[in-house]
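Undergrad: Listed in order, the protein sequences are those of chains V and G. Residue numbering for the first sequence follows this note's numbering, beginning at 1 and increasing consecutively. Residue numbering for the second sequence follows this note's numbering, beginning at 1 and increasing consecutively.
Don't read these hints as lab results, they were simulated from the structure. Hints should not be assumed to be uniformly reliable.
Claimed, not checked - Capping the alpha-carbon separation at 20 angstroms, the derived lysine to any residue pairs in SDA-like fashion look like this:
| id | chain 1 | residue 1 | chain 2 | residue 2 |
| --- | --- | --- | --- | --- |
| 1 | V | K163 | G | E86 |
| 2 | G | K106 | V | V172 |
| 3 | V | K163 | G | R44 |
| 4 | V | K163 | V | H94 |
| 5 | G | K106 | V | H94 |
| 6 | G | K119 | G | P73 |
| 7 | G | K106 | V | L157 |
| 8 | G | K76 | G | P107 |
| 9 | V | K163 | G | K106 |
| 10 | V | K163 | G | P58 |
| 11 | V | K163 | G | S10 |
| 12 | G | K2 | G | R44 |
| 13 | G | K106 | G | S118 |
| 14 | V | K164 | G | M60 |
| 15 | G | K106 | G | L124 |
| 16 | V | K80 | V | S90 |
| 17 | V | K164 | G | D35 |
| 18 | V | K163 | G | D34 |
| 19 | V | K164 | G | K116 |
| 20 | G | K116 | V | I162 |
| 21 | G | K2 | G | N27 |
| 22 | G | K106 | V | S158 |
| 23 | V | K163 | G | M60 |
| 24 | G | K76 | G | L124 |
| 25 | V | K80 | V | Y141 |
| 26 | V | K164 | G | N59 |
| 27 | V | K80 | V | V172 |
| 28 | V | K164 | G | N46 |
| 29 | V | K163 | G | A98 |
| 30 | G | K76 | G | T61 |
| 31 | G | K106 | V | L97 |
| 32 | V | K163 | G | N56 |
| 33 | V | K164 | G | L23 |
| 34 | G | K106 | V | R53 |
| 35 | G | K106 | V | Q160 |
| 36 | G | K116 | G | P73 |
| 37 | V | K164 | G | K2 |
| 38 | G | K106 | V | T96 |
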Amino acid sequence: MNAQVSLMAGEAMPQELHDLLNSTDGAAFEQALDVLVRQREQRLFRALGLLARDLHDAVRRLGGDLAQEGVPGSVADARKHLQDVLEMSSQAAHRTLDFAERMRPQADALAANAGAVIDGSAEDDVAYGLARQAQTFANEYREGMADFVVAQSWQDLSGQRIKKVVNFIGSVENSLLELVSLTGALATGEAAAGPVKVTSQDEADRLLSEFGF
Amino acid sequence: MKILVVDDFSTMRRIVRNLLVELGFSNTLIQEADDGENALTMLRNNSFDMVVTDWNMPNMTGIDLLRAIRAEPSLKGMPVLMVTAENNRDQIIAAAQAGVNGYIVKPFTAATLQEKLSKIFERLAASGANA
Chain V
1 MNAQVSLMAG EAMPQELHDL LNSTDGAAFE QALDVLVRQR EQRLFRALGL
51 LARDLHDAVR RLGGDLAQEG VPGSVADARK HLQDVLEMSS QAAHRTLDFA
101 ERMRPQADAL AANAGAVIDG SAEDDVAYGL ARQAQTFANE YREGMADFVV
151 AQSWQDLSGQ RIKKVVNFIG SVENSLLELV SLTGALATGE AAAGPVKVTS
201 QDEADRLLSE FGF
Chain G
1 MKILVVDDFS TMRRIVRNLL VELGFSNTLI QEADDGENAL TMLRNNSFDM
51 VVTDWNMPNM TGIDLLRAIR AEPSLKGMPV LMVTAENNRD QIIAAAQAGV
101 NGYIVKPFTA ATLQEKLSKI FERLAASGAN A
């Protein structure tokens with residue numbers, strides 16, 4: 001006891017501690033201890049409450065700031081934008097591949113017809129020269145088209161990265177959601193009975209949008 | 001000849017299909033699956049001569065598909081060519097250990113695809129001759 005009291009030297013001893021140390025019997029000791037503990041708890045809860053409110057405000061402000069910057073207005077929007085990019089890039093790549101697939105048989109036909117002309121004409125013939133040129137062009141064109149097709153793999157490579165970002169946004173969204181629920185419950189003084197479960201994406205989006213996300 | 005092309009991106013399936021045609025597999029029946037699970041079902045229900053698969057796919061990844069193929073008595077000899085953006089050492093080693101027949105890192109060229117395909121077919125022909 002003395003050791004503990006000496007630690008407090010220089011400070012006025014709080015009344016509760018004084019009562020505790022001077023309690024005359026077990027009941028009085030219990031009561032004084034109870035008062036002391038409860039006061040400590042209340043102070044802790046008040047501090048936690050203030051902290052939670054600050055955090056809650058900060059989360060709200062962050063949401064507001066994100067929304068004010070305009071694009072995108074919400075987490076759901078952000079995800080949608082990225083999915084749109086994925087979809088549009090896929091369509092664009094497929095259109096390009098349509099073109100390549102349409103042109104390949106034409107190049108084949110040109111090469112074959114040019115070959116027939118080459119076989120059927122003399123080397124000093126105008127048609128011969130033109131057919132050679134057409135054949136060279138058709139062959140080079142085919143090779144170029146193959147590169148052109150391979151080049152469309154940018155869609156797959158960039159798309160995979162976009163998918164990863166979409167998943168990342170989802171996990172950030174879940175963390176934010178938990179933070180919003182937790183700080184909201186604490187700030188309003190409700191006891192947070194474990195993490196709040198949301199059952200649907202709509203619910204999650206709605207809850208987050210209330211906070212400007 | 002029947003080849004199964006497995007990739008969750010329809011663009012990549014089409015690119016591989018185009019390159020196979022370009023390389024002269026025009027009489028080949030090329031079928032497509034969008035993940036490992038669907039691929040495995042197709043492999044069990046039809047006879048294929050080769051699988052060209054991506055690594056990163058939902059439901060069942062390419063490496064899991066490869067392991068499933070090697071674990072299944074009726075499929076275990078199936079040649080599997082992996083075409084993937086995964087180029088880290090550990091993954092390449094994992095694929096090799098699982099018994100991949102060829103490994104192509106995206107982006108790739110028609111020439112690379114041709115080279116790996118011919119290597120696979122050469123080895124198949126050699127093992128067929130020895131058998």
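Undergrad: None of the hints should be skipped; say for each whether it holds.
TA: For each hint, the structure was consulted:
no. : hint             : result
1   : V:K163 to G:E86  : holds, 15 angstroms
2   : G:K106 to V:V172 : violated, 29 angstroms
3   : V:K163 to G:R44  : violated, 30 angstroms
4   : V:K163 to V:H94  : holds, 19 angstroms
5   : G:K106 to V:H94  : holds, 18 angstroms
6   : G:K119 to G:P73  : violated, 24 angstroms
7   : G:K106 to V:L157 : holds, 8 angstroms
8   : G:K76 to G:P107  : violated, 28 angstroms
9   : V:K163 to G:K106 : holds, 17 angstroms
10  : V:K163 to G:P58  : holds, 11 angstroms
11  : V:K163 to G:S10  : holds, 15 angstroms
12  : G:K2 to G:R44    : holds, 14 angstroms
13  : G:K106 to G:S118 : holds, 18 angstroms
14  : V:K164 to G:M60  : holds, 17 angstroms
15  : G:K106 to G:L124 : violated, 24 angstroms
16  : V:K80 to V:S90   : holds, 15 angstroms
17  : V:K164 to G:D35  : holds, 17 angstroms
18  : V:K163 to G:D34  : holds, 15 angstroms
19  : V:K164 to G:K116 : violated, 29 angstroms
20  : G:K116 to V:I162 : violated, 29 angstroms
21  : G:K2 to G:N27    : holds, 9 angstroms
22  : G:K106 to V:S158 : holds, 11 angstroms
23  : V:K163 to G:M60  : holds, 16 angstroms
24  : G:K76 to G:L124  : holds, 14 angstroms
25  : V:K80 to V:Y141  : violated, 39 angstroms
26  : V:K164 to G:N59  : holds, 15 angstroms
27  : V:K80 to V:V172  : holds, 15 angstroms
28  : V:K164 to G:N46  : violated, 33 angstroms
29  : V:K163 to G:A98  : violated, 27 angstroms
30  : G:K76 to G:T61   : holds, 17 angstroms
31  : G:K106 to V:L97  : holds, 18 angstroms
32  : V:K163 to G:N56  : holds, 11 angstroms
33  : V:K164 to G:L23  : violated, 33 angstroms
34  : G:K106 to V:R53  : violated, 50 angstroms
35  : G:K106 to V:Q160 : holds, 12 angstroms
36  : G:K116 to G:P73  : violated, 25 angstroms
37  : V:K164 to G:K2   : violated, 33 angstroms
38  : G:K106 to V:T96  : holds, 19 angstroms
The structure is inconsistent with the numbered hints 2, 3, 6, 8, 15, 19, 20, 25, 28, 29, 33, 34, 36 and 37, although it conforms to all the rest.
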